[in-house]
Each structure stands twice: as C-alpha cells, then as structure tokens.
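Asker: Letter by letter, the chains look like this.
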Amino acid sequence: MDNVKQEQNSSDGMDKQYSDSGTTSPSLRMIGVGKSFPGVRALNNVDFNLHCGEIHALMGENGAGKSTLIKVLTGVYPMDEGKVYIDGKQTFIRSPLDAQKYGISTVYQELNLCPNLTVAENLFLGREPLKRGLIDWKCMNQEADKLLKELNISAESTAQLDSYSIAIQQMIAIARAVNTECKYLILDEPTSSLDADEVEGLFKLMRQLRKNQVGIIFITHFIEQVYEICDRITVLRNGELVEECEIENLPRFELVKKMMGKEIEVLSDLNVHIDESIYESEVPVLEARDLSSGGSKVAPFNLRIYKGEVIGFSGLLGSGRSELVRTIYGADKAIEGQQYIKGKNVIIKNTLDAMKHGMAYLPEDRKAEGILADLSVRENIIIALQAKQGLFKRLSRKEMEEYADEYIKLLNIKTASQETPIKSLSGGNQQKVILARWLLTNPEFMILDEPTRGIDVGTKTEIQKLILKLADEGKSVAFISSELDEMLRTCSRIVVMRDRQKVGELTDSDLNQDTIMRTIAGGEQ
Amino acid sequence: MNDGKTTKLMLKAKKRKSLNNAEALLLITVSLFTIIYIISAIVFSDSNFAKYSVFFNLLNNKAYLLMLALGLTVVLIAGSIDISVGGVTGLVSMVIATMLLNNDISAIWTIPTALSIGLIFGAVQGYLVAYMEIQPFIVTLSGMYFARGMISVINAKSVPITNEMFMGWSGAKLYIPFLYNMRKNGTLDVAYLTPASIVALIVLIIIITLLKKTKFGRSLYAIGGSPQSAHLMGVNVRQTKFKAHLLCGMLAGIGGFLYTLFAPSGNPGNGYGYEIDAISSSVIGGVMLSGGVGLPIGTFFGVLINSIIERVVPLLGIVDASWPRIITSGFLFVFIVLQSIFSNVSRKGSLKPTKKLK
Amino acid sequence: MSDLKVKNKLGESTFVSIAKSLTSNRLTFSVIILLIVVIQNIITTPGFFNITIANGLISGYIPNILDEASELVIVTLGMTLVTAASGGQDISAGAIMAVAASFCGLMLNGTEYRTDVFHSPYIVAIIVGLLGGALCGAFNGFLVSKLKMPPMLTSLILFTAGRSIAKQITHGQTIYIMNPVYKWLGVQIPGVPIRTTIIVSTLTVIIITLLTRLTSVGLYIQSVGINDASSRLVGLNSSVIKLLTFVLYGVLAGLAGLVGSSSIGSVNSGELGLGIEMDAILAVALGGNNLGGGKFSIAGSIIGAYTIQAITTTLYAMNVRADQLNVFKALIIIVIIVANSDVFKAKIKRFTQTIFSKNVSVGG
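Those protein sequence lines, which keep their order, are chains R, W and C. Using our numbering, you'd call the opening residue of the first sequence number 1 and step up by one each time. Using our numbering, you'd call the opening residue of the second sequence number 1001 and step up by one each time. Using our numbering, you'd call the opening residue of the third sequence number 2001 and step up by one each time.
Pulled out of the complex, with its shape left as it was, chain R reads as follows:
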C-alpha cells in the first residue's frame, strides 16, 4: 500500500495510482443517498466514493441497489435524499445530459445504443461534428474510424450497428463512453456477454483508462474479474452500504459473506440421494433423439430423463441451456428429431401439447414471460390448469379459490389476499406463484429455468427444498441455474452446454465444481 501513496502524483507507468481515501478526498463523493420506489426502499443512506485513476468494484446480489445507485448518479432517476460532490463541489445531476456534462459516462448492462444507426452515429450521437450548422458526416466517420482503430475494435464506421455481434456492439458502447470528456466511467456488467479473449481486451482498455486518470466503476457478477482488475470495492446489500475498502483487505470468502449477508453454509443441509437403479430399470419419462431447433438456437441433442430425478443444465449464459429446454417444451419449435414420452413417440407442436404430456415450464425471465402482472394471484395460479382444461370446462369460482388457497399455504406465499394483483408481490413470492401455477397442473416433468434468480436467500432455499421434495414424490425436474453450488446440491446429473451444443453429461464423482467448469470450458485436458 505504501508505494501507492508515494507514487500518487507521478502516474505514468504505474498500474495503480488511486489515492487512499485517508490522504486525499475522493474526486466523486455520494453521501447519504436514498431512493424509494413504490413499496421498495431501493437505497438507504448509501455513501460512495470514487477516486480518479482507480477501478472500483461495486458488488451486491440482485436487488442490492447497484443499478439504482448508478441510475441516480447518472441522473436517470432523481434521488430522494443525499448529496453528490464532484471535486469537492456539490453538484446536482438531474438528467443523463447533466451527468455527461460532469464527465460521467455509462455503459449499461442492456446495450444503450441505437441498432438502426451507423457505428459512427452511435459513437457521436448528441455531439456530432458540425460544419456550418450541419452534421459533417465525413469528419464524423473519420473520427469514428480513428477511435475504433485506437481501441482495436474492428468495426466500420459507416455500417449499421445491428450488423455486428453483441460483443462488438458492447465494445462500441465502451468506445462511445470513453470518447466523451470522460472522467468517470461506469461499466455495468460489461463482461457478461463477452468471451475470455474479449474480456482480456476490455481489461487492457480499462487499465489504459486508469492510467489516463479515469475513475472506473466496475459492476460484475464474476468475482474472479474483480480480484483481477479492481483496486477498491464497495459492497451493497438490500439498498444499504455494507463495506467499502481496499480489495486486498477483503478476502473472497468475506466478500461473498458480506454480499449474501448470511453464512453460506445455511444452504448445505440439503442432500441429494442418488438412486442408481433408476437408470437401468425404467423407461425414461422423456427422451429426445437428435432434437434440434436449428443451429442458431440449439444443435441436435440426445437426452433421457428418468422418473424421480433432478437433472441440471449448466453452461454459460447463452450456451443454449435455456434454448434446449424450450425446445423440449415446445416453446421454441423443434425442426428435427424425435421426442418420446414413456417410450411413446410424440409430436409436440406447441406448449399446450407439452402440458398435456405432463410437462411444465417455469421461464427464465419472470417479468417478461412468467407473471400476468395485472391479474390476481388466484388467476395467476389457475391459468395453466384452465388453459389445459380448455375454453369450455371453466373452473368454478369455488374451485379456483380452493386451489389458490391450498397452494398459497403449501408454498407459504406472502400475499394480502388471493385477489391481490401479482405485480404487487415481491419477486420471490411471484416466483412461488408461478411454481404454484405449474404444480397445480400436476406435471410429471417440470422444467425450472433459473427459478432462484433475483430472489431472496430464504426463498431460494425453499425452492431448492421443493425441488428435492418433488423428486422424492417421483416427479422429474430439469433445473437450470447460474450458480453451480446450487445445482450441485440438488442435481443427480448435470448436462453441460457449450456454444449451443450439449457437450457432456456428468454424474457421481464428476459432480463437482472443478469438473463442471472444465467441461464448460472444454478444450484442453
């Protein structure tokens, strides 16, 4: 740490030149920031300090308040309380334009570029070079090419943005942010859609920017990356500040503990019983032979799922794991291959066919594909059963209420009443309602795509227990999760996906983090 303080002013050549908060005051300070949304206290009395020339990790679980903090800082949301100081002066940031004026640039998780404009326009929108009051396209394209070349992004300035891959678009978004008079750069999960090489390229870029005295806020879910590149770290949990310190002073285990707010061990009382005999004796509940929904979604795969087992699907985001289960369920159209249910060849044209064959599917994106926001909890619970029964066999009001009541109790759903619109429930309870919806259809094979994402730890455990209970009752469960240890705790078999192909199936002794990661990574060894 000492060398840092010494070299504070002669920045060139040094990897780290942030100033310790003890010696100089930080360049950007947020003090006592609070922000509420209807029903949610998103931020509560949060302090945040950013120095020039540092890479500062902003960590926290889903819903910890990272995104809100960033949006407050960049003027997307007005803050309810709190102050912002830039270079010691109190500053009011009321709009993204204001933020830009103060040198704060952001690259958001969801790409904030216009796909219908050219690369050059996306780089210069809002500050196009002008000649006699009109946009100087020639100059703009030249500048854009120069910038792209500097940053080693191989894109053409005149091409339409959406003709490039997401990875390249991401790089262009960063190039745009860097190109403004940028003192503070916010990177909101920039690496989630990049591969290892691209991440390396991005890190080079970030180190160079650090050298240029840019203060970088780096938000990511990859703990490895934090320890690889960051200088300091701020941890949020449930909208509150938990920790702000040098990265060296916070070991990984401590970091995870602070993020989760609980001992991790709390989950490990679950145990998987693997009954080996099921694989030999029985006809699989579901079998897929060379099933595929086209090369761009998922390549042909073979798969057998047996009664009473929990099968996991692992792989990076976008590896095709969701697409695979969607193809089985008929949510994506299968273009080739066969499906067998209990040994019988079936054709699944749509989701209703799948439901009639005893399948259920809890989608990855609860908001976009799960809940029916304006409908009541009751209606959300019975909708799948009603759809299965058809138009004319309407459930009576009494039946609906009984079912809803039963599952609200069974899954311990916290809701004011059955008639409460589902949109006013918390994420975890919404997820339970969706689970109830499917349990009510009495499925034999349940597909759960990220059922535990974005919900609180308590509900997470409940869902994991439920999965095991379902398996005990003889139902089969396909379980997808980004968290490996969660899968290891519940699954008796894990299918590994890479590049939209099924690349492996692990059981028994292979069921450990190391083997799974190596299978996901593929290649050597």
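What the hints contain is simulated information worked out from the structure, not anything from laboratory work. It cannot be assumed that every hint is accurate.
Simulated pairs of lysine-lysine, PhoX-like, Cα-Cα distance not exceeding 25 angstroms [claimed, not checked]:
(1) K138/R with K1213/W
(2) K367/R with K2148/C
(3) K342/R with K469/R
(4) K101/R with K1243/W
(5) K1184/W with K1051/W
(6) K469/R with K356/R
(7) K423/R with K2146/C
(8) K1215/W with K131/R
(9) K333/R with K2148/C
(10) K2146/C with K297/R
(11) K149/R with K211/R
(12) K423/R with K2347/C
(13) K367/R with K2345/C
(14) K211/R with K146/R
(15) K414/R with K2295/C
(16) K146/R with K1212/W
(17) K2295/C with K393/R
(18) K138/R with K1051/W
(19) K101/R with K211/R
(20) K356/R with K393/R
(21) K149/R with K204/R
(22) K367/R with K297/R
(23) K2146/C with K349/R
Keep in mind it's a predicted model, so treat the numbers as computed, not measured.
Put chains W and C on the given structure of chain R with help from the hints.
Answerer: Same frame as chain R, but now just chains W and C:
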C-alpha cells in the same frame, strides 16, 4: 495494446456486408415506380406516359400529398404516428375558402393562417403524445375527428374560392425549358411545375437535409430505433417527439394550403381519407412502421406511385373514384407484410451465437 | 402531540380510502356522467319518464335512447374485447357495418337497386352479411396477430377502403330494400311491442356476458392482453385468441350494420355507422377500461355506451349536428384519457402529497 490477443479480437469481428433495411426498401420503391411507369407507357401508349408533361403532372397533382407524407415520414421515423393530417387538410381548405369568401382580405393572409392551424394541431397533439405519454393513435384520431367536426362547425356547405390573387397562384405554371413533346396538331406540350410543386420540392429538400444533416434529424432516428438508448445517450426524447409532431402538423398545414391551390374550394369532404394516402406513401417509400427507418426521398417515390395509380386505374376501365383508394390500401397491406418479413429476417440475423469460450 | 398525530392520520386515511375506493371503482366516472345527463334531461324534458304505446310499440324518451344506442352497444362489446386482447383499438367498425349491410343488401336485392322482392331468404342474407363482417374482422385480426401490427394502423386500411369496397358490392349506389320484412330486424317484428333493436342489443349483451362468464374466454383474453409471452407459455395460443377476438368484433360490427340498415330500409355505404368507432372507443374509455389492454369490464363499457348515446341525443335536441358533435366527443375522449394517464395521476399525486406534507408539518 496491439498484441496477439487484440489482433485476434479484430479478426474475429465479422461484418455482414449487405444493404441495410432503409436502402433495400428504397430500392424496392424506386424499382416499383420505374416498372409501373414503363409498363404504363407501353400498355397505354396513347395516354402519353412517355411525355415529359405527364411525368411532371404526377407531382403537380400530388404536391399536397407529398407534404402530408413527409409529415408522416417524420413522425413514423420518430416511432409515433399522426392520423389527423387528412382532417387538418380539410380544415385548412375550409378556413381559407371561408376567409376569402367576401374578398375583403388579402390572400397573403391565408399562408400564415394555414401554417398556424397546422402548428396548433401539431403542438397540442405533440404535447399530449410526448409529455402526457398518451398513445399517438388515440390522440391523433381525436385530432382527426376534432378537425372534421370543426369543418362543419365553420361551414357545412361547399364554399368556392373566387379571390383573384389566390386563383392566380393556383393557376400559375412554371414551364420547364427544353422538356417538351410535340402534340399531333403541331403545338408544343411543354412540361411545367405548379407553384405548389415548387414549394413541395423545396420542402422535400429541406426535410432531406434536416433528417440527414442535423442533430434533430438524427435524434428522430435515434428515438425511433430505441427510445431508452436515446435517452441514455443524452437525447431529449420528449422534446424530440414533440418537435416531430409539431413539424408534422406544420407540414399538414402547408399540405392543406397546397391542396387548396390544387382544388380551390372549401368542401366538408375535403381531405377525407388522406391520412391513409399519406401513410401508405410513406410506407411504400420504405418508412418502417416500427420506427427508426426511412428516407424522405423514398416517400417522394411513394407519392409518385400513389399518383400514378390514380392515373392508371381509370385507364384500366375502372371509372369509379373509390378504386384508387382500394388499390392504395392494397399496396399498403402488401408493404406491411413485406416489412414484417424484413424485420423478422434481420432479427433472426442478429440472433447468431456470438460467444465463444477458449 | 401523539393524539393529534393519530387523529391526523385517521382523518387522512379515511379520506384517502374513500377517495381511493371511489377512484379505483372503474364505473364511478361513467355513472356520474350518466347521472348528470339524466338529471339534465329530467329538468329540460318534462316527459322524460313517460312511456306510451304508439302503433303497437312501446315508445318514449328512454326507449328511444335504448333504441338509438343499440348499434353502439353492439359495436362497443366488440371494441371492449378487441381492446382487452390486443391493447389497441380497431377503427374500422363503421366500414365493417357498411360492408356487412352491403353483402346483405346484395343477397336481398340482387342487381336491382330498389325492389320489394327478396332474391334470397332473409336469414341467408343475414348470415352472409355477418360472414362479411367476420371476413373483415379476420383480415384485421390476421395483420394484428400474425404480423404483429398495431390494431389501429391495420384497421386504418379498412377504415378508409372499407366503404369504397362496400360501395362496389352495391354497384356503386345506395340500394333500397322495400320488402317490409326487411325492417323486422331494425324496427319491429309484427306483434312484438318492443323495438327489435332493443331486443337484439340486449340479447347480444347477454350472449357476450355469458361467453365471458361461463367459459374461460374472459380470462384468456385478459391474459393475452396483459402478457403475450406468458400466455403462450401456459399453453394459450395467443395469436388464435387475438384473431378470434377480431373475428367476433367483425361479426358484432356486421350485426350492428344489419340492424342499422334495416332500421332505415336501405344500404348507404357512405353513411351507415359513420363515426361509430369513435363513440365505441369513447364508451370503452368511459367504462373505465384501460385502452392499453388487459383487464376489462363489459358492464362498464355498456354503461359508457348508453352514456354516450344519452349525451348525443341530448345534444341533438339542442340542435347540434352529428358531424359537429365530433368536436365535443374528441375533446371528451382526450380529457378522459389524460385523466387516466399515468403522467397525470403522478402529477396529481405529487400535488396532493405537497398538501398533505404541509398539513403534517402544521400538525407536528
């Protein structure tokens, strides 16, 4: 910076070399117009399609429509819509006719009147759409009914225009040197432009420049393509949308004025259904209904296609005046289907897997 | 101190809860307007409640409004369902009415433009007319459900072209159907003392209500309107549901067209149902339905429809012409939508909050 890994990164980046949507749609429009024109010239050889004057009359007859369609182009690119333009056209023509009824006012005053009617409609509707965040359809549908209602509040009967100055503008012709054909009786049939066409062409050039070369123009495309992104990139989305509606309203006002020059009388039925002509001209000209894509020059060709349909249909022996509109609507339907296919293709294109793990 | 606070809180909460229950009840607004119109009429029209029997028909002010509203009620039912399922409005109702009536007229009159001889049985003509309406609805529904176009835009095609098409069906002219049986649907069936229009509209309301109550149609439509993707994953075929909603809308608009043309004994494709779509949208909005789709209330829409008709009839009585009426209607719909818009509500909320916070600071 430039070591092995980053070079690899460069190599991996691939670009799809192809026309973008706007260019492809423009190409379709221009070819369609050319084909219709050439076929008409061959099939109806005695209808003088090969003459310069006929070609220029395509514009002379539809100068007002070009204004309305350019207005629609602007709002459609911004991801909004305005279906009040037909109503505004009718209202402007009725107001002008009523103003000039007693010949006690100079015709000059009709110009600012037409402009301000358009601007008021644009401003009110723009405010409701942009700042109150109400669906543009509902707002402008109400605008249409309001304008239509106002026409009959002002005057429920047909009002002819007799003002000399105004009729002078209406009947004026600007002959274009060297572009003439010989009639059979030996006289010259010289191509000409009406003042309305000249105004329309000037406005067309202004709109082209505005959309291509100004910050406002590019913001229109940005908010039409992705309003959230545009907001985060520092574009004032609401203001831009408001301005788009304002501009559209102003163009509808000009369109109403040019229409009155073309058909100098106030009539309760004036401008009926012109919104669909304007929308279809824009859409046929390659403006995507989903927003963010389109070129004013395409709209120009869309208007010419509309004009040529109106000319050709009677030659096919279909005399009823309602047929051109049925056919225009049919064209709109075809292009909507076409656009739907287009956007599906480009969406699938971007779904290609992009991640690789080493 | 604390007592004061509690009191304050209590007062505030009862006030808020009353205000909330009033504003959250979708029907409050339209019922209030309906009451105002009715009271205004009671004052200005002495014989408002009088019901007499003239020419074997129950007549009077109220039966008149019920009769005149019948077309609007039928169209509004369809508009409510379309709005709920697609989140948009179909503005081709008037044009569909013209098309359906033209088909019916074509079947009855053949190529003649004025005759009292039916060329085909009336019931066949009615079915053909309704099929014509269904066809128009299917066209709009196809564009909306399969090509994902916004409903207003797609229906704009028929909105402008529909009347021209209807005109072509009737050989470019208004046709007159002189057979008295033709008026059964739109005026009176001999021996029945109630106008047929009232019977037809009431029956339609009952059928649609039963359809949404006894089957899952209502739930399906709401699901699809709220979240297309979610609905698909729970096994609902959202595009078929939307398509069928539009077909139903077409049939209902067609029925309204048949009723309308029957009541005047002719098919005038330029005039029939002119501007009715605006009234229907207004009725749906007045009924407290969200024009952005999702949850709907049939009862609200019907009250809305009768309210509009009451306003229209009242203004006619004040010598306002139909086309001028549109000026008012356009303004009313904008006011309703602005009042219901999120932005406006947020502004009001901010306004009341500042008032409340002042109160609290005074109390503390």
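Asker: The structure should be examined with respect to each hint, and the outcome stated for every one.
Answerer: A quick look at each hint next to the structure:
1. In summary, the hint linking K138/R to K1213/W is supported, as the alpha carbons are separated by about 11 angstroms, within the 25 angstroms threshold.
2. Restraint check for K367/R and K2148/C: the C-alpha separation of about 21 angstroms stays at or below 25 angstroms, so the hint holds.
3. Using a Cα cut-off of 25 angstroms, the hinted pair K342/R and K469/R holds, with the two alpha carbons roughly 22 angstroms apart.
4. Between K101/R and K1243/W the alpha-carbon distance is near 24 angstroms, which keeps this suggested pair within the 25 angstroms criterion.
5. About 13 angstroms separates the Cα atoms of K1184/W and K1051/W, which keeps this hinted pair within 25 angstroms; it holds.
6. A hinted pair counts as satisfied when its Cα atoms are at most 25 angstroms apart, and K469/R with K356/R qualifies at roughly 23 angstroms.
7. Simply put, K423/R and K2146/C have alpha-carbon atoms about 28 angstroms apart, too far for the 25 angstroms limit, and the pair is violated.
8. Between K1215/W and K131/R, the direct Cα distance comes to roughly 12 angstroms. Compliance with the 25 angstroms bound is thereby established for this hinted pair.
9. For the hint linking K333/R to K2148/C, the alpha-carbon distance of about 19 angstroms falls within 25 angstroms, and the restraint holds.
10. In summary, the hint linking K2146/C to K297/R is supported, as the alpha carbons are separated by about 22 angstroms, within the 25 angstroms threshold.
11. Restraint check for K149/R and K211/R: satisfied, since their Cα atoms lie roughly 19 angstroms apart, inside the 25 angstroms limit.
12. Between the alpha carbons of K423/R and K2347/C the distance comes to roughly 22 angstroms, so the proposed pair stays at or under 25 angstroms and holds.
13. Simply put, K367/R and K2345/C have alpha-carbon atoms about 24 angstroms apart, close enough for the 25 angstroms limit, and the pair holds.
14. Restraint check for K211/R and K146/R: satisfied, since their Cα atoms lie roughly 20 angstroms apart, inside the 25 angstroms limit.
15. About 24 angstroms separates the Cα atoms of K414/R and K2295/C, which keeps this hinted pair within 25 angstroms; it holds.
16. At roughly 22 angstroms between alpha-carbon atoms, K146/R and K1212/W fall within 25 angstroms of each other, so this suggested pair holds.
17. Between the alpha carbons of K2295/C and K393/R the distance comes to roughly 21 angstroms, so the proposed pair stays at or under 25 angstroms and holds.
18. Between K138/R and K1051/W, the direct Cα distance comes to roughly 40 angstroms. Violation of the 25 angstroms bound is thereby established for this hinted pair.
19. Note on K101/R and K211/R: the hinted pairing holds, with a Cα-Cα distance of about 22 angstroms set against a maximum of 25 angstroms.
20. Our distance criterion of 25 angstroms between C-alpha atoms is met by K356/R and K393/R, whose separation comes to about 15 angstroms.
21. Restraint check for K149/R and K204/R: satisfied, since their Cα atoms lie roughly 15 angstroms apart, inside the 25 angstroms limit.
22. Note on K367/R and K297/R: the hinted pairing holds, with a Cα-Cα distance of about 22 angstroms set against a maximum of 25 angstroms.
23. Under the criterion of a C-alpha separation no larger than 25 angstroms, the hint pairing K2146/C with K349/R is consistent with the structure, at around 17 angstroms.
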